[in-house]
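Colleague: Model the full assembly from the supplied sequences, consistent with the hints where possible.
Protein chains in written order, with our numbering: chain V, -11 to 347; chain B, -11 to 347; chain F, -11 to 347; chain W, -11 to 347.
No lab work stands behind these hints, which were simulated from the structure alone.
Some clues are possibly wrong.
Note that the list lumps identical chains together, so a pair holds whenever it fits in one copy or between two copies.
Listed next, the in silico BS3-like pairs over lysine-lysine satisfying Cα-Cα at most 30 Å (straight line) [to be verified]:
hint: 1; residue 1: K344; residue 2: K130
hint: 2; residue 1: K313; residue 2: K344
hint: 3; residue 1: K183; residue 2: K159
hint: 4; residue 1: K257; residue 2: K192
hint: 5; residue 1: K159; residue 2: K192
hint: 6; residue 1: K130; residue 2: K258
hint: 7; residue 1: K344; residue 2: K192
hint: 8; residue 1: K257; residue 2: K159
hint: 9; residue 1: K258; residue 2: K75
hint: 10; residue 1: K313; residue 2: K258
4 protein chains.
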Amino acid sequence: MSSTFGTLYRVTTFGESHGRGVGAIVDGYPPRVPLAEADIQPQLDRRRPGQSHLTTDRAETDRVTILSGVENGLTLGSPIAVLVANKDQKPSDYKEMQFVPRPSHADYTYQMKYGIRAASGGGRSSARETIARVAAGAMAEKFLHVICGVEIIAWVSAVGNISAPEVDIEKITRAEVDRTAVRCPHQNTASRMQKEIEAAKEEKDSIGGIITCVCRNLAAGWGEPVFDKMEAKLAQAMLSIPATKGFEIGSGFAGTRMRGSAHNDAFIKKGDRLGTRTNFSGGTQGGISNGEPIFFRVAFKPPATIGRTQETADFEGQAVALAAKGRHDPCVVPRAVPIVETMAALVLADFALRQKARG
Amino acid sequence: MSSTFGTLYRVTTFGESHGRGVGAIVDGYPPRVPLAEADIQPQLDRRRPGQSHLTTDRAETDRVTILSGVENGLTLGSPIAVLVANKDQKPSDYKEMQFVPRPSHADYTYQMKYGIRAASGGGRSSARETIARVAAGAMAEKFLHVICGVEIIAWVSAVGNISAPEVDIEKITRAEVDRTAVRCPHQNTASRMQKEIEAAKEEKDSIGGIITCVCRNLAAGWGEPVFDKMEAKLAQAMLSIPATKGFEIGSGFAGTRMRGSAHNDAFIKKGDRLGTRTNFSGGTQGGISNGEPIFFRVAFKPPATIGRTQETADFEGQAVALAAKGRHDPCVVPRAVPIVETMAALVLADFALRQKARG
Amino acid sequence: MSSTFGTLYRVTTFGESHGRGVGAIVDGYPPRVPLAEADIQPQLDRRRPGQSHLTTDRAETDRVTILSGVENGLTLGSPIAVLVANKDQKPSDYKEMQFVPRPSHADYTYQMKYGIRAASGGGRSSARETIARVAAGAMAEKFLHVICGVEIIAWVSAVGNISAPEVDIEKITRAEVDRTAVRCPHQNTASRMQKEIEAAKEEKDSIGGIITCVCRNLAAGWGEPVFDKMEAKLAQAMLSIPATKGFEIGSGFAGTRMRGSAHNDAFIKKGDRLGTRTNFSGGTQGGISNGEPIFFRVAFKPPATIGRTQETADFEGQAVALAAKGRHDPCVVPRAVPIVETMAALVLADFALRQKARG
Amino acid sequence: MSSTFGTLYRVTTFGESHGRGVGAIVDGYPPRVPLAEADIQPQLDRRRPGQSHLTTDRAETDRVTILSGVENGLTLGSPIAVLVANKDQKPSDYKEMQFVPRPSHADYTYQMKYGIRAASGGGRSSARETIARVAAGAMAEKFLHVICGVEIIAWVSAVGNISAPEVDIEKITRAEVDRTAVRCPHQNTASRMQKEIEAAKEEKDSIGGIITCVCRNLAAGWGEPVFDKMEAKLAQAMLSIPATKGFEIGSGFAGTRMRGSAHNDAFIKKGDRLGTRTNFSGGTQGGISNGEPIFFRVAFKPPATIGRTQETADFEGQAVALAAKGRHDPCVVPRAVPIVETMAALVLADFALRQKARG
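Modeller: As structure tokens, then:
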């Protein structure tokens, strides 16, 4: 288990799907920053199941409580612990798991790794684990926004075969993203995505998608070569989110088909700083932010839990037919938008503090 | 600077392009493993510039010396330091860099981060830095191969628009990969890739590409959720390699267009273990290896150094025309194959030891 | 703030004296170990204020709750979070602290470090912080005892000028230690110590003391040279406990006056293992346990909070007279016994796992 | 093996007594600091064997080379690697070690830990290992001195039963310390210490001693509670030095015999800052520097290598007589003075950078 992330903005999380709660300790939060539960709750609400018919209909309220590190509305510099209690537990939904590892879930691998696994609901591999990250990352967003002026905005850019047109990454806002339940800022595409998700749900199936994220107004100089490069830590952060299968920054995989003469980002004067004419680099060169927007895309597979019957094997290798009875999301990307944003915030907050130490 | 990677198999690297040498300390190498310079040199030779006309014609011999941690051919359990001296220095090639940050290089970002930068050759952001990783990773490969039976094989699967057909990831060997200078095991495709690279070189331009990598014979149970998942650390490792822009594991970005019913990897009995019928997961579920081959793809951009004249700006923001005079690779993927393999080895060696502590 | 301790048995703590609670996350706890709150509570009870008239008369119940990582009485291998709610808060006791930094307390240094400090009760520097360590360390004791057979026993060996005679470190038990309120196993000395503490209390003053600790039945081979040697991590652990001023292992400071011929621990056969005739080394050579009992002593200063009036200065440098009104311990060593034991357990648990990874 | 120390000023060392060399990588050194080999060599010279008849007569020149991270006399912010080649090897001196573990040496524990050990000279547990620390710490001293104004001075305060009188910790200089070969600034005492060491040498025996160290001109606010307190990391650093058995800060063990009313350090105005009238705390409160001098004492045991015959056992448990033939120090404290200073510098440099990140 490595449930700690970060060097100076250091987050440690805990919690299974069906224990008493999930939460996190943030050690290294800068002192004297205004912080309250109200700064954290909105991202938890955006992550919460049951927001629309596109997501699971489990009703989780997920109220966060700050246990330490904040007094009279200001951070003290000491560790900030946050807790979200677990409530809506229906262990009976997960009964079959005892003998049959669910395909493309972590039942089998947890059993092989630990020689034991949570009796129900995925335990530590459950989506509930992400609550702790979102809480810790929402706290990071507060600091990044108030102290550094950084903005982080993610949106759904593809569901299955349906892709959204380009978005102006300099201007996109969370309000635009949240206008539709599917969290795609392009309304027509959003409708089509919504139909695609409904179709998958109808067929007791699931569907994948892509989230794009932009981080704006970063200073040049963030990122710690050679192993903790900006893109390297973003990639780790994103691939640590359940159900992710890919990460690309700037030109990404498409950039491999380009010539250097077209791909190179020439410098130009932008006000009082040096900027680049194009941004195929995605805001990072040599693993360090260059002052241009950082943008990247994250691939999410179709959720493994589906209502359809699947031919698979039990732990003993005997063939069995399995059909999920629990409640589940046909597509995770709408709810994963705040997870991507807050994980990006964890990366950037750590880089901000590490660069400050050098300054 | 974060030049340390790993928790129990812990590598720390040093070295600029034009200093006295590059090298690494590996702390945590298991004791009593046979290890010699001859185990490390082959991967350095595969990484070396000047292997063919497809790569830069700089001649670097890059001989590795073990300074500590090995006695009478066996590891002692103490830190193993390796050193590769720098030789072929032509600082004059890099003269213009003093006033003009090279587009899509790290000159500008290093200057912004550190307030100083190496006078020539890219300093720490140079490709020479990767020598230290390759040496440390080649040592990891030895341990993984001898003790754990793991095999790691990477190859060039795309150059520009030319993609190789599927490869049998259960059988591919390094010998097959090394049959062509371009390191694509499919001979016809290799010829076309070679022509594409020659064309780019001819035009004083550069071209990108994709490397695919497979890791075979891993035990189930490696990977440390929730932040150090198998795919998360592989992604960090790969995106820490210079010139990378993307990472995908298993079905990757293409998997986002699939339905769950098609994407789920059903379990079946394979000999005395439980395996999966398909492997869209890429050998990892919930961030933990499941015993199937791990495979992933890494996107490399076209190299930033090109002979063509580029319209850009100097540090003051004044427009200038810049043309590289130095020797450089028109395409990095042939030489990056051993870098991908050895970075994968660093990730796996650390997971092997971390899981052993749990066993 | 560095509130994380350990590499593989990794503890992160949180909590101020007057927030909602104190607690810890233990990441890396071995899976499949029987663990319950009843394993943790006894050491918390031994640490608790108000146990006798020798300690503060604040009544703190300090009930621990396990929030995660344990199911059906067995550890899952996932992070184990524990929480102890804060209850008995009387902020008014600490009113003067607002303007006057208490001598030899951390009010001044926290203010200088963070530019802010908890308004009352010492915040993170309060003795309540140690609850989290004790809980995490009691969990470590369970694992060390059940899996490795290790025993850790500490006792009060000096209060002020009163020192206890030598104790048989091979045989001493916690029951013997707990026979007296002062936790000195030598009854006559315990009585004299008790009178010394009562005298200090009477005079509205405080008094220091020494705790000796032995760790028995360790395998040879624990400890991680060169920076994480057995004695080095024990020293860090002990000096991280509030009010500590010194640490010595084996012969300690007295050993500096010896000749090597007298100090060297000659080897002799002990059953089927190699042991040493004497144990001036304190069970560690070259930073690695040698199979003999590890024993060390920890110096505690007289508590800084005293009822007597002290001539000091406020934050502005103005001379003031200060007298503590709160409830406080005249001597910390009786209650610090379980803190020393559990901090030792944190060190040993981490070494046990790190050595297992090598095995 | 844990050969890495520090969070932001991070040192990793390597090297056995009889390999090709010893050295270190310092990652996190601030950029743009003037640094040259001449800044490092003096402390290596003070540590070097063969300086006087009080130390071993092995002649080691120990010239340091900077391999990376410095260009044109300025640090680049990239990792700085330093190397000291091994030269004067006489493996034959250590022949008996093959079958007989030397009493109070690490031969036995290394064998038990790693299942293998260096064939000669103590390997990683040899005093030569400290060269790497001293080099890395001398670099830290440069930064602390030039950027922060910090001064670190250690001296021999006891040899066997001979103790030096109190020293004015505000004024003591390295020049005063180095006036005598024994490195005690009080001349009369130095003569007596010298005779004591000569007597031990004459008798083919060895003798222990104590080093006192002061760190002056630190800002208030350094130190990272709760586990990385100033005194905790100093204690770890000191107890990681070979042959150390104890550490005490401020009043130390003697302070345990004091009353709080006498021990508390009352605040008074000192110029424009708040200081304390006494300094029983040793410059740290709550684990954070308070602006007063930090001072501490380190206990060194008599060296284990002695010429006298010792009755001990071989690895099989058979009784044998052993007499060291190699060259060795009868007392380590004169040469350990720079080791204590440079280890203190490693601790302070890390705290300086960690506090800067918070500022």
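Colleague: If a hint holds in the structure, say so; if it does not, say that too.
Modeller: Hints and how they fare:
For the homomeric pair K344 and K130, the shortest alpha-carbon distances inside one copy (17 Å) and between copies (21 Å) are both at most 30 Å. In this homomeric assembly, K313 and K344 never come within 30 Å of each other (Cα to Cα): the closest approach is 51 Å inside a single copy and 36 Å across copies. Proximity of K183 and K159 under a CA criterion of 30 Å is satisfied intra-copy only: 27 Å inside one chain copy versus 42 Å between copies. In the homo-oligomer, the alpha carbons of K257 and K192 lie at most 30 Å apart only across protomers (26 Å), although the nearest pairing inside one protomer, at 54 Å, exceeds that limit.
Taking the shortest Cα distances, K159 and K192 never come within 30 Å of each other, neither inside one copy (37 Å) nor across copies (37 Å). Within a single copy, K130 and K258 get their C-alpha atoms as close as 27 Å, which meets the 30 Å cut-off; across copies the closest is 39 Å, which misses it. Taking the closest pair of Cα atoms, K344 and K192 never come within 30 Å of each other, the shortest separation being 50 Å inside a single copy and 40 Å across copies. For the identical chains of this complex, K257 and K159 are intra-copy neighbours only, at 21 Å inside a copy versus 52 Å across copies, given an alpha-carbon limit of 30 Å.
In this homomeric assembly, K258 and K75 never come within 30 Å of each other (Cα to Cα): the closest approach is 52 Å inside a single copy and 40 Å across copies. Within a single copy, K313 and K258 get their C-alpha atoms only as close as 56 Å, which misses the 30 Å cut-off; across copies the closest is 28 Å, which meets it.
Checked against the numbered hints listed earlier, the structure breaks hints 2, 5, 7 and 9; every other hint is satisfied.
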